[in-house]
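*Asks:* Kindly generate the complete structure, drawing on both the sequences and the hints.
Heads up: the protein sequence lines correspond to chains A and B, in order. Going by the numbering used here, the first residue of the first sequence is number 144, and it counts up by one from there. Going by the numbering used here, the first residue of the second sequence is number 9, and it counts up by one from there.
Do not rely on the hints blindly, as some may be mistaken.
Said to hold, decoys possible - Covered stretches of chain A, going by a simulated chain B footprint (3 or more residues, C-beta under 8 Å):
#, region
1, 355-368
2, 375-386
3, 389-399
4, 404-417
Unchecked claim - As a list, the in silico DSBU-like pairs of lysine-lysine whose alpha-carbon atoms are at most 35 Å apart:
#, chain 1, residue 1, chain 2, residue 2
5, A, K283, A, K524
6, B, K249, A, K524
7, A, K187, B, K64
8, B, K138, A, K353
9, A, K187, B, K138
Worth flagging that the hints you see were computed from the coordinates, not collected in a lab. Here the structure is a predicted model, which means the values were calculated and not measured. All C-beta atoms in this analysis are idealised placements derived from N, C-alpha and C, irrespective of residue type, glycine included.
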Amino acid sequence: MTISFKGYALIGFAGAIGLAASAAVPTHAQEKGAIKIGLMLPYKGVYAVPAESIDRGFQIALEEFGNKSNGRPIEIIRADDELTPSVGVQKFNKFVQSDKVDLVAGVVGSNVAIAISELADKNKMPMVFVNAFADEITGKFCSPYIARTSFSANGFEYASGKYWAGKGVKTAVTMGPDYSAGRAFIGGFKRGFEDNGGKVIEEIWTPFQKTKDYSAALTQAANSGAQIIYAFYAGAEAIQVVKQHADFGLRTKIPFIGDHWVYDEALWPALGDLALNAQHVATHYPSIETEVNQKFVKAYNAKYKQDPDVSAALGYDNGKAIMLTLEKLGGQMPEDRAKFIATMRDLTFDSPRGKIKFNAQNSALLEKVYVVEVVKGPDGKMQRKPLDQFPGAGDLPGCTKSF
Amino acid sequence: MQPFLIQLLNGVQLSMLVFLLAVGLTLIFGLMNILNLAHGAFFTMGAYFGLVVANKTGSFWLALLIGPLLPFAAGFVLQFFVLQPLAQRGRSTHLDLALLTFGLLFATAGAVEYIYGSAFHSIVTPDLLKGRVALLGIEYPIYRLFITAVGIAIAIALVLVIDRTLVGATLRAGVDNREMVTALGININVLFALVFGFGSALAGFAGVVSAPVMSIYSSMGIGIVVTTFVVVVVGGLGNLKGSFYASLIVGMTDTFAQAYLPEAELFAIYILLIAVMIFRPQGLFGAVGRVA
Numbered sequence: 144m145t146i147s148f149k150g151y152a153l154i155g156f157a158g159a160i161g162l163a164a165s166a167a168v169p170t171h172a173q174e175k176g177a178i179k180i181g182l183m184l185p186y187k188g189v190y191a192v193p194a195e196s197i198d199r200g201f202q203i204a205l206e207e208f209g210n211k212s213n214g215r216p217i218e219i220i221r222a223d224d225e226l227t228p229s230v231g232v233q234k235f236n237k238f239v240q241s242d243k244v245d246l247v248a249g250v251v252g253s254n255v256a257i258a259i260s261e262l263a264d265k266n267k268m269p270m271v272f273v274n275a276f277a278d279e280i281t282g283k284f285c286s287p288y289i290a291r292t293s294f295s296a297n298g299f300e301y302a303s304g305k306y307w308a309g310k311g312v313k314t315a316v317t318m319g320p321d322y323s324a325g326r327a328f329i330g331g332f333k334r335g336f337e338d339n340g341g342k343v344i345e346e347i348w349t350p351f352q353k354t355k356d357y358s359a360a361l362t363q364a365a366n367s368g369a370q371i372i373y374a375f376y377a378g379a380e381a382i383q384v385v386k387q388h389a390d391f392g393l394r395t396k397i398p399f400i401g402d403h404w405v406y407d408e409a410l411w412p413a414l415g416d417l418a419l420n421a422q423h424v425a426t427h428y429p430s431i432e433t434e435v436n437q438k439f440v441k442a443y444n445a446k447y448k449q450d451p452d453v454s455a456a457l458g459y460d461n462g463k464a465i466m467l468t469l470e471k472l473g474g475q476m477p478e479d480r481a482k483f484i485a486t487m488r489d490l491t492f493d494s495p496r497g498k499i500k501f502n503a504q505n506s507a508l509l510e511k512v513y514v515v516e517v518v519k520g521p522d523g524k525m526q527r528k529p530l531d532q533f534p535g536a537g538d539l540p541g542c543t544k545s546f
Numbered sequence: 009m010q011p012f013l014i015q016l017l018n019g020v021q022l023s024m025l026v027f028l029l030a031v032g033l034t035l036i037f038g039l040m041n042i043l044n045l046a047h048g049a050f051f052t053m054g055a056y057f058g059l060v061v062a063n064k065t066g067s068f069w070l071a072l073l074i075g076p077l078l079p080f081a082a083g084f085v086l087q088f089f090v091l092q093p094l095a096q097r098g099r100s101t102h103l104d105l106a107l108l109t110f111g112l113l114f115a116t117a118g119a120v121e122y123i124y125g126s127a128f129h130s131i132v133t134p135d136l137l138k139g140r141v142a143l144l145g146i147e148y149p150i151y152r153l154f155i156t157a158v159g160i161a162i163a164i165a166l167v168l169v170i171d172r173t174l175v176g177a178t179l180r181a182g183v184d185n186r187e188m189v190t191a192l193g194i195n196i197n198v199l200f201a202l203v204f205g206f207g208s209a210l211a212g213f214a215g216v217v218s219a220p221v222m223s224i225y226s227s228m229g230i231g232i233v234v235t236t237f238v239v240v241v242v243g244g245l246g247n248l249k250g251s252f253y254a255s256l257i258v259g260m261t262d263t264f265a266q267a268y269l270p271e272a273e274l275f276a277i278y279i280l281l282i283a284v285m286i287f288r289p290q291g292l293f294g295a296v297g298r299v300a
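*Replies:* What follows is the structure, encoded as C-alpha cells:
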C-alpha cells in the first residue's frame with residue numbers, strides 16, 4: 144500500500160509541475176506547436192479489426208494534408224477504450240488532463256460514446272465521433288461540443304427497412320447484440336420496415352460479447368415463419384452467427400440479411416464461401432465508381448496493400464472532416480471550442496461514400512445507401528456487385544442543445 | 009414440441025462444449041487446489057496451434073490430434089517450473105495463483121495478437137462431418153452431433169480412468185494424502201505436472217473442436233473463463249461428475265434463456281451461481297471431502 148500511495152503522490156506532484164509549466168508558456172508559442180488529436184478506438188477485443196481499419200483510414204486522410212494544418216504538424220495520441228465505458232472515461236480524462244489534446248476523435252462503441260459525451264460537454268472538449276451510431280448520441284446526449292462524421296443508426300437502418308419492405312418482404316425476424324448500438328440499428332430497421340407495410344414477427348437479442356453459440360437464437364428465428372432474418376452483428380460475432388446460420392442449412396430457408404458489418408471484407412477469410420451471394424446494405428464498398436473513392440482506394444492500397452473496408456472509409460471521413468475544419472479555422476483551435484464543431488457542421492465535402500453534410504444535431508447525413516451482392520469477380524476474388532441504391536433517412540429528433 | 013426438442017439438442021451440444029472446457033479446470037482445482045485463470049489461455053493456444061496444423065496439412069483430424077500438444081507442454085512447464093516451486097516456497101495462496109494465472113491469460117492474448125494480428129480465423133469442417141441429418145423434422149448439422157458425442161465420450165473415459173485404473177487410484181491417493189504417496193516412491197510433482205498438462209490439453213482440445221463452429225481470435229479465451237468457473241463452482245470444486253451435470257445445467261440454462269427468455273440470458277447463470285454459493289457452497293454435487 145505504501146508504495147502505491149507514494150506512487151500517487153509522485154504522479155500528483157509531477158502533474159502539478161506540468162500544470163505550472165504549461166501555464167507559464169505564452170499562448171503564441173502554443174499555437175506554433177503541434178495540434179494534438181486524441182484518437183480513441185477499441186484496439187483490442189471483438190472490434191479490433193474495424194478499429195485498425197479506422198486508424199488506417201484516419202491516417203490516409205491526414206496524409207492527404209501532409210499531416211499538417213496551416214503549417215502546424217498534427218500529432219495523434221492513441222488510446223484504447225476497450226469497448227468499456229469506464230475505461231473510455233478514464234482515457235478521455237487522460238487526454239484532457241495529461242495529454243492536453245486539442246480535440247478527441249474516434250470511438251466505435253455507442254456505450255463508450257454515451258459515457259464520454261457528457262464529459263466532452265463538461266470539459267468543453269470537441270469530440271468528433273467516427274462510429275458511435277446510436278441515435279441518442281446526437282439526440283438526447285447531443286452537445287455543441289459533439290459531432291459525428293458517419294451517420295446515425297436511424298439514418299442507415301430506417302431507410303434499409305423501408306427498402307426491404309418495398310421489395311416485397313412482408314415478414315422479418317430481427318437478430319442483434321443486446322447493447323445500445325444493436326438496439327439502435329435494429330430499432331431503426333423495425334420502424335422503417337413497419338412504417339412501410341412490413342411486420343417484424345420476433346426480435347431476438349443475444350448478449351453482447353458473451354454469446355458464442357447462436358443455435359438457440361437461430362432455431363427460434365427459423366421457426367418464426369418469417370421471410371428473412373435481418374441482423375446487425377460485427378467482428379467475431381458476425382462470423383459465428385453467419386457460419387452457424389449456414390451450418391443449420393438455413394441459407395436456402397431463411398436468408399440472413401444484414402449490413403456491411405455482417406459481411407465485412409475483414410471477415411471474408413474466415414467466412415470463405417459463406418459470404419458469397421449474400422445480399423446486404425452498405426454505405427461504402429471499394430468499387431464505387433467515383434473519383435474521390437478511387438483516389439482513396441488507391442492511396443489505401445499503396446500504403447496497406449489491400450482494399451479499404453467500410454471502417455477504413457469511415458475513419459477516412461473522420462480524419463478528413465477534422466482536417467477540413469482545421470483548414471477553415473486557419474490551423475487554430477478557436478478560444479471557444481464550440482466554434483470548431485460549429486465550423487464542422489457547416490462543411491460539405493465529397494467523401495468516398497458520397498456527399499457529406501451535417502444536420503443541426505451535428506450528425507453527418509447519408510447521401511446514399513447501396514444494396515450489394517457479394518460475388519466472385521473475373522479474377523476469382525470476391526467483390527461486391529451493386530444491385531440498387533436509396534437515400535439515407537434523417538435522424539431521430541430529441542436534441543435540444545447542439546448549438 | 010418440435011422446436012423445444014431442437015432447443016434441447018442445442019442445449020446438450022453447448023453443454024458438452026462447456027464440459028470440455030470446464031473439466032480440465034475442475035481436475036486441476038480438485039487435485040492441486042490451484043485457481044487456474046490461465047485456462048482460457050490454453051484454450052486459445054490449442055485453437056491457434058490447431059489452426060497452424062490445419063493450414064499446413066489441410067487436415068482437421070491432425071489439428072485435433074496435434075493442437076492440444078502445445079497447451080499440454082505449456083501446462084506441464086507452468087506447473088512443474090513455476091507453480092510447484094512457488095508452492096514449495098509457500099507462495100501459493102489462491103490470491104497469488106489467481107493473480108499469476110490471470111496475468112498469464114492476458115499475456116497470452118497479447119502475444120497471440122502480436123504474432124497473428126487481430127484478424128479472425130477458422131478451421132474448415134472436415135468432409136466427413138459436413139452436412140446435416142434429418143432429425144425431428146429439421147436438418148441438424150452433423151458437426152454439432154459430433155461435439156456432443158466427443159463430450160460424452162471424454163466424460164466416460166475420464167470417469168473410467170479415475171475410478172478404475174492405477175493412475176486414477178494414485179491421483180486420488182495423492183489428493184487425500186500427499187505425503188503417503190510420496191513415501192511410496194511416487195514422484196508426485198511429475199504426476200501433478202502431467203495432470204496439469206492434461207487439463208490444459210483438454211482446454212486446447214476444446215479450442216480445436218469449437219473452431220469450425222466459432223471463430224479463432226486472440227482474445228477468445230478471456231470470455232470463456234467466467235462460464236467455466238461457474239461450472240466448476242456449481243458442480244463442486246474438483247468434482248468430475250459434478251462438473252458434467254453442472255455443464256448440462258449451465259448449457260441448458262443458457263440455451264433456454266436465449267430461446268425463451270432472452271432478457272434473462274445474461275444473468276441467468278449468475279443467479280444460478282449466487283444461489284449455489286448461498287445454499288450449497290460446496291457445489292450442487294460436491295460431497296464434502298470427495299475430490300476428483
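*Asks:* Give a verdict on every hint.
*Replies:* Okay, the hints, checked on the actual structure:
With a cut-off of 8 Å between beta carbons, the region 355-368 of chain A has 9 residues touching chain B; three or more are needed, and the interface restraint holds. By the rule of at least three residues with a Cβ nearer than 8 Å to a Cβ of chain B, the coverage given for the region 375-386 of chain A holds, with 5 such residues. With 3 residues having a Cβ less than 8 Å from any Cβ of chain B, the region 389-399 of chain A passes the three-residue criterion, so the hint holds. With 6 residues carrying a beta carbon less than 8 Å from a beta carbon of chain B, the region 404-417 of chain A meets the three-residue requirement, and the given coverage holds.
For the suggested pair A:K283 and A:K524, the alpha carbons sit about 44 Å apart, so the restraint of at most 35 Å is broken. For the hint linking B:K249 to A:K524, the alpha-carbon distance of about 50 Å lies beyond 35 Å, and the restraint is violated. For the given pair, A:K187 sits about 27 Å from B:K64 by alpha-carbon distance, which is consistent with the 35 Å threshold. For the hint pairing B:K138 with A:K353, the CA-to-CA distance comes to about 27 Å; that is within 35 Å, so the pair holds.
Simply put, A:K187 and B:K138 have alpha-carbon atoms about 33 Å apart, close enough for the 35 Å limit, and the pair holds.
Violated hints for the displayed structure, listed by number in ascending order: 5 and 6.
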